Amino acid sequence: MKKVLLVLPFLLIGAVVAMADHDDHGHDGSKKLSGVAVANNAVYQKECGSCHFAYQPGLLPKRSWAKMMNTLDDHFGDDASLDPKTTNYLKNYLVNNSSDNSLEYKRSKKITASIASNQIPLRITKTPYFMHKHNDIPKKMITQKEVGNIGNCIACHTTAEKGIYSERDIKIPNYGGWDD
Amino acid sequence: MKKQLALLIILGALSNAGGFNPSMQSYINGLKIEAKKSNSNFTDFSAQRGEQIFTSKHIGKRGKEISCTSCHGSNLTLPSKNAFTNKTIDPLSPKVNSQRLTDVLEVQKWLKRNFNDVYKREGTAQEKGDVLYYIKSK
Numbered sequence: 013m014k015k016v017l018l019v020l021p022f023l024l025i026g027a028v029v030a031m032a033d034h035d036d037h038g039h040d041g042s043k044k045l046s047g048v049a050v051a052n053n054a055v056y057q058k059e060c061g062s063c064h065f066a067y068q069p070g071l072l073p074k075r076s077w078a079k080m081m082n083t084l085d086d087h088f089g090d091d092a093s094l095d096p097k098t099t100n101y102l103k104n105y106l107v108n109n110s111s112d113n114s115l116e117y118k119r120s121k122k123i124t125a126s127i128a129s130n131q132i133p134l135r136i137t138k139t140p141y142f143m144h145k146h147n148d149i150p151k152k153m154i155t156q157k158e159v160g161n162i163g164n165c166i167a168c169h170t171t172a173e174k175g176i177y178s179e180r181d182i183k184i185p186n187y188g189g190w191d192d
Numbered sequence: 035m036k037k038q039l040a041l042l043i044i045l046g047a048l049s050n051a052g053g054f055n056p057s058m059q060s061y062i063n064g065l066k067i068e069a070k071k072s073n074s075n076f077t078d079f080s081a082q083r084g085e086q087i088f089t090s091k092h093i094g095k096r097g098k099e100i101s102c103t104s105c106h107g108s109n110l111t112l113p114s115k116n117a118f119t120n121k122t123i124d125p126l127s128p129k130v131n132s133q134r135l136t137d138v139l140e141v142q143k144w145l146k147r148n149f150n151d152v153y154k155r156e157g158t159a160q161e162k163g164d165v166l167y168y169i170k171s172k
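Heads up: the protein sequence lines correspond to chains A and H, in order.
Note that my numbering has the first sequence beginning at 13, numbered continuously upward.
Note that my numbering has the second sequence beginning at 35, numbered continuously upward.
There's no promise every hint is true.
To be verified - With a Cα cut of at most 27 Å, we get these calculated DSSO-like pairs of lysine-lysine:
1) A:K97 - H:K95
2) A:K183 - H:K115
3) A:K122 - A:K103
4) A:K151 - H:K154
5) H:K71 - A:K103
6) A:K183 - A:K58
7) A:K103 - H:K70
8) A:K79 - H:K95
9) H:K129 - H:K115
10) H:K146 - A:K79
11) H:K121 - A:K152
12) A:K174 - A:K118
13) A:K97 - A:K118
14) H:K154 - A:K97
15) H:K129 - A:K103
16) A:K74 - H:K154
17) H:K143 - H:K95
18) A:K79 - H:K70
19) H:K154 - H:K70
20) A:K79 - A:K103
Hints were generated in silico from the structure; no laboratory data involved.
What you are looking at is a predicted structure, and each value in this text was computed from that prediction instead of being measured.
Excised from the complex, chain A in its bound form (with noise of 0.2 Å):
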C-alpha cells in the first residue's frame, strides 16, 4: 500500500505531461511534434509578412500554395505580384513545407485530414479543421479593432509565430484566455 501511494504522485505527474501539448512519440514510433513547423524563411518572413501574419507553411497542403502562388496578382482581391524569380522560389519553399509534407507535425496532420482530395482551399480560415476550432468563438471578439478579422492569428494566438497554437496560449484582446 505504501508502495502505490509513492508511485502515484508520478503516476498523475506522467498523466498530465502525456496531456500536455508537447512533442511525443507515435505507436508507430515516428516523431510527432506539436504545432506547426515554423516559418523560418527569410524571404518568406520579408516578403508575405509585410502584409500579413507569416502563416506557416504546414497550414495548407502543397496543391492550396502551387495555385495561390500562381495567381499572386489577384490575392484576395489586392495585388502581391512578386518577380518571376521570387515568386518561384516562395512557390517551391511553400510546397516543400506544406501541411501534407508535414504530417510530423499535429496540426498539418489534422488539417490536411479534413479536406477533401476535391477541394483546393486558398484560405487557411475555410479549411475544416480550421472552422471546427473557431467555430465557437463569438463575432465580437473577432471584429474588435484589436483583431480585425479571424486571419489575424497573432492577435490571439500568443505563439502562433513559433508555430503553437495550443489553447493554453490564446490570448483573445479584451476578452483573456479561451476555454474550449
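Knowing the structure of chain A, use the given hints to seat chain H on it.
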C-alpha cells in the same frame, strides 16, 4: 533632343529633391525621361501632384472606395495599419524610416502593386515620380 535629355538629367541631379541614393536617383532620372516622352510640357516631378495622387479616393481593385492613405495613414511619419489584414505598416517617410525609398526593386514592386490596388491600373512614369517626391517631402 539628346541635348535636352542630357540637360534634363543634369537639372534633375542638381535639383534632386532632398537626396536620393545613386541607384534611386538613376531610377528617377529614367522616370523623368519617360515622363517627358509622353508629356512635352513636363519639367520635373511635383510633390504637390503626388499628394493629390496619394490622398484622393478611388474605386479600387476590390470594388470599394480606397486611397493610399487607407493603409498608410495621412501622417507618413507614423506607423499605420493595413486596412484589410490589420498588420502594422512601418512609416513611409524616409525622415523617420531610413529604409524607405532606398531600394529600387522594392520601390518598383510596391508602386506596381499599390497603383493596381487603388487605381486598378499601373501608374504612369509621371505619377510614380510625383508620388515618390511626395513621400520624400514628408
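For each hint, the structure was consulted:
| no. | hint | verdict |
| --- | --- | --- |
| 1 | A:K97 - H:K95 | 25 Å, holds |
| 2 | A:K183 - H:K115 | 21 Å, holds |
| 3 | A:K122 - A:K103 | 22 Å, holds |
| 4 | A:K151 - H:K154 | 32 Å, violated |
| 5 | H:K71 - A:K103 | 38 Å, violated |
| 6 | A:K183 - A:K58 | 26 Å, holds |
| 7 | A:K103 - H:K70 | 39 Å, violated |
| 8 | A:K79 - H:K95 | 20 Å, holds |
| 9 | H:K129 - H:K115 | 19 Å, holds |
| 10 | H:K146 - A:K79 | 22 Å, holds |
| 11 | H:K121 - A:K152 | 19 Å, holds |
| 12 | A:K174 - A:K118 | 14 Å, holds |
| 13 | A:K97 - A:K118 | 32 Å, violated |
| 14 | H:K154 - A:K97 | 24 Å, holds |
| 15 | H:K129 - A:K103 | 35 Å, violated |
| 16 | A:K74 - H:K154 | 30 Å, violated |
| 17 | H:K143 - H:K95 | 17 Å, holds |
| 18 | A:K79 - H:K70 | 40 Å, violated |
| 19 | H:K154 - H:K70 | 24 Å, holds |
| 20 | A:K79 - A:K103 | 9 Å, holds |
Violation of the numbered hints given earlier is confined to hints 4, 5, 7, 13, 15, 16 and 18; the remaining hints are satisfied by the structure.
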